[in-house]
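J.: If you want the building blocks of each chain, they are given just below.
2 protein chains.
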Amino acid sequence: MRAVSSRCFSFASVNMKSRRSWSVTASDLARNTFNPIRTVVESMKLTPNPEKPMIALSIGDPTIFGNLCPSEEIVEAVVESVRSMKYNGYAPSTGYEDARKVVASYVSVPGATVEAKDIILCSGCSCALDLSISVLANPGQNILVPRPGFPLYRTLAEGLGIRTKFYDLKPENGWEVDLEQLEAQIDDQTAAIVLNNPSNPCGSVYSRSHLNAILQVAARNFVPIIADEIYDYFVFPGHEFHPLASLTNEVPILTCGGLTKRYLIPGWRMGWIVVHDRNEALSLEVRKGLQSLSQRIIGSSTILQGALSRILTQTPPEFFQSTIAQVYDNARLAHQLLSGLPGMRPIMPSGAMYMMVGVDMSNFPEFENDLQFVERMVTEESVFCLPGRCFDYPNYFRIVLTVPELQLREACHRISQFCTAHYVAPLALGKEEKL
Amino acid sequence: MRAVSSRCFSFASVNMKSRRSWSVTASDLARNTFNPIRTVVESMKLTPNPEKPMIALSIGDPTIFGNLCPSEEIVEAVVESVRSMKYNGYAPSTGYEDARKVVASYVSVPGATVEAKDIILCSGCSCALDLSISVLANPGQNILVPRPGFPLYRTLAEGLGIRTKFYDLKPENGWEVDLEQLEAQIDDQTAAIVLNNPSNPCGSVYSRSHLNAILQVAARNFVPIIADEIYDYFVFPGHEFHPLASLTNEVPILTCGGLTKRYLIPGWRMGWIVVHDRNEALSLEVRKGLQSLSQRIIGSSTILQGALSRILTQTPPEFFQSTIAQVYDNARLAHQLLSGLPGMRPIMPSGAMYMMVGVDMSNFPEFENDLQFVERMVTEESVFCLPGRCFDYPNYFRIVLTVPELQLREACHRISQFCTAHYVAPLALGKEEKL
Ligand SMILES: Cc1ncc(COP(=O)(O)O)c(C=O)c1O
Ligand SMILES: Cc1ncc(COP(=O)(O)O)c(C=O)c1O
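Just so you know, the protein sequences line up as chains A and B, in that order. By this note's numbering, the letter at position 427 of the first sequence is numbered 427, and the numbering carries on one by one without gaps. By this note's numbering, the letter at position 273 of the second sequence is numbered 273, and the numbering carries on one by one without gaps.
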């Protein structure tokens with residue numbers, strides 16, 4: 001009785017098992033959990049040109065090309081942890097107190113200091129987002145997600161019957177949020193706003209004043225924020241990362257983060273939720289809810305928990321600087337090489353590991369849409385970029401900036417050839433268009 | 001639209017956010033996800049006798065007392081994996097092909113051979129159970145779970161609005177399933193039977209013929225089985241473990257397992273689902289559903305995946321033998337020490353790490369129920385056993401058998417004192433009772 005309270009039971013869609021034959025169907029949760037990237041990519045015909053080695057600018061895994069590796073220090077931290085024999089048993093489902101304490105001081109900044117009790121360790125940032133969305137929203141309610149945005153938010157929410165509504169980012173404004181449109185999207189059933197800064201796929205890093213403006217919208221409408229800060233501090237020279245929670249003492253925030261990107265260990269699966277309560281708005285209920293949900297899988301490996309202290313306090317600063325320098329160099333290189341190309345509008349990122357490139361589709365009349373554009377770039381040039389559609393944003397493609405420089409150069413060169421081959425100038429199209 | 005299909009939206013229970021003040025409540029999923037053990041234990045008054053050091057026979061973590069440790073071999077397997085630098089990136093959400101291949105050959109037995117494609121790696125067996133229950137059952141449907149049984153099944157199902165119905169185990173019959181009652185529980189909305197063998201909390205290990213009888217019930221009614229075999233091969237001399245899937249070519253089975261118990265590393269979080277399809281009953285849909293669900297958190301650390309091959313193939317057999325020998329010695333010791341006690345009915349286990357002890361409550365008229373009995377044993381003797389209620393089974397308590405022998409002896413001695421002090425013989429009660 002407790003269990004079915006809000007999900008009333010609809011005969012139409014629940015599979016009535018006939019009990020007279022084997023017909024084991026998948027649940028709605030399973031059927032509604034879909035990954036837009038996978039769905040889009042699987043629908044594409046990707047046949048590289050056999051004469052050119054494939055360059056995948058599509059994979060959001062910074063370690064895959066071998067040029068970016070975690071620091072020795074953190075590898076040895078794990079070795080020490082596992083050899084200590086102190087981290088074999090069950091930890092509390094939210095993580096060891098000591099490990100949570102270390103994360104608390106790592107994420108604490110003036111204006112947003114937290115303690116061990118405010119941290120929930122998770123199996124990667126994905127799990128942190130899963131718990132955060134699940135604890136705040138009921139089926140039938142909605143969360144607001146950015147467009148373009150990381151598709152996992154939809155995967156997680158829609159599986160559970162939580163709706164997603166988009167708020168728009170403005171490419172011409174460094175991908176800032178369209179604040180009016182954001183506010184207009186909020187309704188009585190809005191359970192949370194998901195804000196991703198620095199952003200995948202945009203590479204944008206928001207200024208303090210823009211973040212303040214977003215917080216004001218949230219505050220005026222009493223909507224809590226899920227801040228996806230998995231790219232925290234991953235910003236290029238001249239930009240600054242502001243943890244969202246440091247800018248408000250009014251809006252309750254669940255910040256999701258982890259080791260994945262900054263430490264270059266996506267496979268290890270160490271993430272966390274930081275509960276930034278304000279005016280006790282989240283109250284005991286949401287904390288207790290997170291605690292309960294964490295018990296479903298007890299999800300963060302103790303080996304990593306045992307290594308956290310050394311990882312978070314002893315990784316040399318040069319390690320981060322060197323990663324960022326490489327990605328920044330790549331960003332400038334790609335931006336420069338693609339900027340001059342006909343029909344391309346690369347948007348220089350300020351952080352994270354990606355760049356969005358706009359395509360003036362009207363200048364490529366051969367292709368019906370951006371999917372075909374990207375497909376054909378694979379067929380002819382063996383360069384694969386994720387179509388904007390993966391991020392609910394057509395007429396763009398995303399490139400990753402973590403590839404080795406030579407490959408990036410070669411890829412941009414091939415993109416250039418492709419554009420030149422297929423671009424049709426506005427005059428030739430018989431009409432005037434603004435480029 | 002896809003998302004809310006089967007969970008129609010009920011205004012009554014979804015929190016209408018007023019949008020005029022901060023009132024952030026937890027979702028139904030969070031509120032309905034509760035851990036019976038925690039709920040029961042938190043309701044108890046546990047104040048140990050300050051003159052006696054506490055002995056916790058309650059904790060299902062075999063590593064906690066330090067007498068049982070993982071083998072050196074597997075620690076070094078992790079060291080090798082992490083130092084190789086080959087396992088830093090994202091694995092596919094179901095796990096690396098190589099790691100799944102190794103698990104496939106580890107779990108394959110005659111009658112139930114599987115391949116890499118049949119394996120889904122998870123963050124512990126809890127996560128494997130979560131995915132298995134989630135993929136098979138919709139809100140409003142039910143799964144059948146054992147009584148007494150491991151409470152996580154209820155935690156996982158009821159959070160999602162999936163109901164649990166109990167089937168009874170018969171203590172007098174080595175905790176065999178009451179087959180008639182099991183069959184009577186199956187209805188049109190039964191999505192799966194959860195079978196746990198060897199069992200927590202019973203320590204029972206089912207014979208081939210009993211497993212066959214259970215399979216027949218499932219087959220007759222076309223109900224798939226989720227086989228929780230996290231204690232696989234953890235059986236005492238004279239008993240044999242039969243993987244359920246090896247006994248049927250008719251009933252589709254999702255077997256949940258992992259390294260947790262046999263390898264003594266509960267904190268590491270490495271588990272798996274083995275898909276045993278039969279007559280393609282699970283079909284593509286359930287496989288695809290598991291694949292989709294695995295993308296929610298990409299849950300199994302690559303460091304462990306990289307170590308799996310060495311762990312599964314090179315752990316010396318003596319390691320397992322030695323663990324089982326210690327637990328078996330403890331089982332016999334505890335059974336012997338508790339058998340003679342007035343009002344106690346210890347039931348000798350055949351495997352796993354636990355023993356259930358029946359309490360003839362009518363002979364302890366001081367106590368209203370088993371909770372009070374257990375509470376008072378803490379107050380007077382500083383011995384804490386989990387009350388049967390944690391497993392939906394009153395008038396029993398569960399002791400863990402992984403404690404060091406001396407502590408177990410001392411605990412049994414204190415239990416003996418406690419019983420003698422509080423036992424009231426049937427005659428003294430003024431009525432005849434069968435002991
Ligand atoms: C914006 C964003 N959030 C979350 C994640 C997931 O991180 P994790 O691998 O720690 O689950 C990613 C991974 O690409 C991401 O880009
Ligand atoms: C019967 C049973 N199933 C599953 C589990 C969970 O195992 P894991 O720690 O791998 O999630 C346990 C743990 O105690 C158990 O006793």
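In case anyone wonders, no lab produced these hints; they're calculated from the structure. Source: prediction; values computed, not measured. You may find that some hints are simply not true.
Now the in silico label distances, taken between C-beta atoms and shown as ranges [what the hints assert, rightly or not]:
no., chain 1, residue 1, chain 2, residue 2, range
1, A, R409, B, R19, 23 to 29 Å
2, A, Y233, B, M348, 54 to 60 Å
3, A, T379, B, M85, 32 to 38 Å
4, B, D392, A, N279, 39 to 45 Å
Using N, Cα and C, we set each Cβ at its ideal position, and we do this for glycine too.
J.: Against each hint, give a clear statement of whether it holds in the structure.
T.: Verification of the supplied hints:
1. Checked against the hint of 23 to 29 Å, the pair R409/A and R19/B fails, with Cβ atoms roughly 52 Å apart.
2. Range check, Y233/A to M348/B: Cβ separation about 58 Å, and the 54 to 60 Å hint holds.
3. Taking the beta carbon of each, T379/A and M85/B are about 34 Å apart, inside 32 to 38 Å as hinted.
4. Restraint check, D392/B to N279/A: a C-beta distance of roughly 40 Å satisfies the suggested window 39 to 45 Å.
The earlier numbered hint that this structure contradicts is number 1, and it is the only one.
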